[in-house]
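Participant: Residue strings, one per chain:
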Amino acid sequence: MPDTSSRILVPVGESSTFRNTVAYAVREARRIASETGEESTVHFVYPVRWQLVDESERSAADAVAETLERARVWANDDLDYDDDGDLDAEDVSVSIETAVVGEDRYLFSPNDFAEVLLEYARDRGLDRIVLDPEYQPGGSAPMLQPLEFELARSGLLVEEAPVDRVVERSRLPSRANVSKALAMFGVSFGFYLLLAGVFDTFNLVTGAVSAGVVTAVFARISFVNTPSATGSVARIARFLLYVPYLLWEIVKANFSVAYIILHPDLPIDPEMQRYRAAIWGDLSVTTLANSITLTPGTLTVDMDRDSLIIHSLTGSARDGLAGGALERAVRFVFYGRSAARIPTPAERGTIASWTDDDQTDGDE
Amino acid sequence: MTPLEYLVVGLVLAGVFFSFVAVVGIIRLPDLYTRAHATSKSDTLGTVLSLGGIALLFGAEVSAVKTVLLLLFMLITNPTAAHAIARAAHDQGIEPWTASDEEGD
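Residue numbers (my numbering), protein chains in the order written: chain A, -15 to 348; chain B, 10 to 114.
Next up, chain B with everything else stripped away, as it sits in the complex:
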């Protein structure tokens, strides 16, 4: 394996790790708002790292540029989607979970 391939594998593995964290977060966190944190941040970085690895593998090609564009759009649309979901919940009057709710569980 060349150093480049090590880098690519490292990036993709890091991407898989953060995607995994996002999934664990969705399962473990208590309510919609906190889960949105997991999806908006960990999931974004997971996707961005994986795509970055793919772009490196393409090398100096048009495909790499397109992958970087894809990556940029993920960076813009992921927080927007998280915002839209949280906002819809907020409009519905869903109360955010707080540390004081924990005793009730």
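Only chain A is shown next, with the shape it has when bound in the complex:
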């Protein structure tokens, strides 16, 4: 394995050392290009954790595009490009590319992130990965060490950019903002009082103290995104509409399952299915997966890359799932009424039998 390479992949995200990491990667590419005379390339890649499904996520997509554009501008500054895109320095050719990856996947674990990045690197023939030491693709969950480990297993050259991290201390407190703290405090205080059941001074004081401790410890990690008051209220209101619907589905499910179980012939026809739901985000996917488990003859077994693996008990249960009523309901709760009008999974062709071929393909 060569100890250095001029074909560099840089995963990007908002971080305090982003600028310096870009500079380091470009400097390396340029140094090697001038030493060896071969063409260097630097790819800035943004792994995204969601898909663009409605207007509320458009601003997030804009932010990603802006981040990548900034990386490109900085890189070009570092390369001394003039406005025409020509390189001033002679005999050094470095190309800069930017890309968004992971749009068709669920990205949760470091393994998921490593997989999309490595896939991109292999497709483009990149063999060196420069990591930003402050890179946090998983929101507030620390992920750099495991990500580095997963990337290094591939045999590619992986390194952290040797940049100063002086601003780290000022960055941490800013991540816990007022609305996160308020939401956390409100929820835990309310829950405490609910359990106490008596609103006397003792409970109010101990509740405030407990909620304060919980807020101090958990406010930074309980919310990935900053909760907005209007968005949360609308979501909770829609969720309250969803609960009776779900309960009704659960009751129906139980009668059909009870019928099957008590039937002398045990009329079951189980099958595994792979289902690419049009739902993204930790909480909404969890809601959908749990709802599927609770409703007619379907059970969420696993989440494999971009889809849910679902075990169904009968053919009619499969038809119910392919009809997409639950998916639309969950989209209604999390994305609003307009997002609920989408074709059924059967029409989109995102549901199919799951076979062993899929598994060997996925495990690799």
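These aren't lab readings, by the way, just hints derived from the structure by calculation.
Predicted model, so just to flag it, every value in this text is computed and none were measured.
There may be inaccurate statements among the hints.
To spell it out: a stretch of chain A is covered by chain B in this simulated footprint if at least three of its residues, at any positions, have a beta carbon under 8 Å from a beta carbon of chain B; those stretches are [said to hold, decoys possible]:
#1 245 to 258
#2 291 to 297
The calculated label-pair distances, taken between Cβ atoms and stated as ranges, are [as the list claims (entries may be wrong)]:
#3 GLU14(B) / LEU178(A): 21 to 31 Å
#4 PHE67(B) / ALA218(A): 46 to 56 Å
#5 ILE220(A) / THR86(B): 13 to 23 Å
#6 ALA97(B) / ARG137(A): 22 to 32 Å
#7 ALA336(A) / SER109(B): 16 to 26 Å
Some chain B residues judged to face chain A by a derived CB distance under 10 Å, without partners named [to be verified]:
#8 ASP40
#9 THR43
#10 HIS46
#11 ALA47
#12 THR53
#13 LEU54
Ideal placement from N, C-alpha and C gives every residue a C-beta, glycine not left out.
Fit chain B to the known structure of chain A by using the hints.
Facilitator: Just chain B, lined up with the frame of chain A:
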């Protein structure tokens, strides 16, 4: 007996019925995945119905609210547990039973 008590007894009996269905399902169904269906659905509804009956019996009290909370947590954790068990089996490579396996028995 008051109408409320009839309702409570009805709910608890329905809860017992669905818990019974869950037990029968665990015994009769052929493999782990299908048995998980019985535990995740019938058992959840059985517990929820029984707890709902208990909450009604408490009336407008804090205990009723706590029972409803308990009921909600059952609704959230039961499918999660069923999912965890099925997922562990899936990771171990346990093949799901299909209708074509029946001839082999």
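Participant: I'd like to know which numbered hints this structure contradicts. Please list them from smallest to largest.
Facilitator: The structure conflicts with hint 4 only, although it agrees with all the remaining ones.
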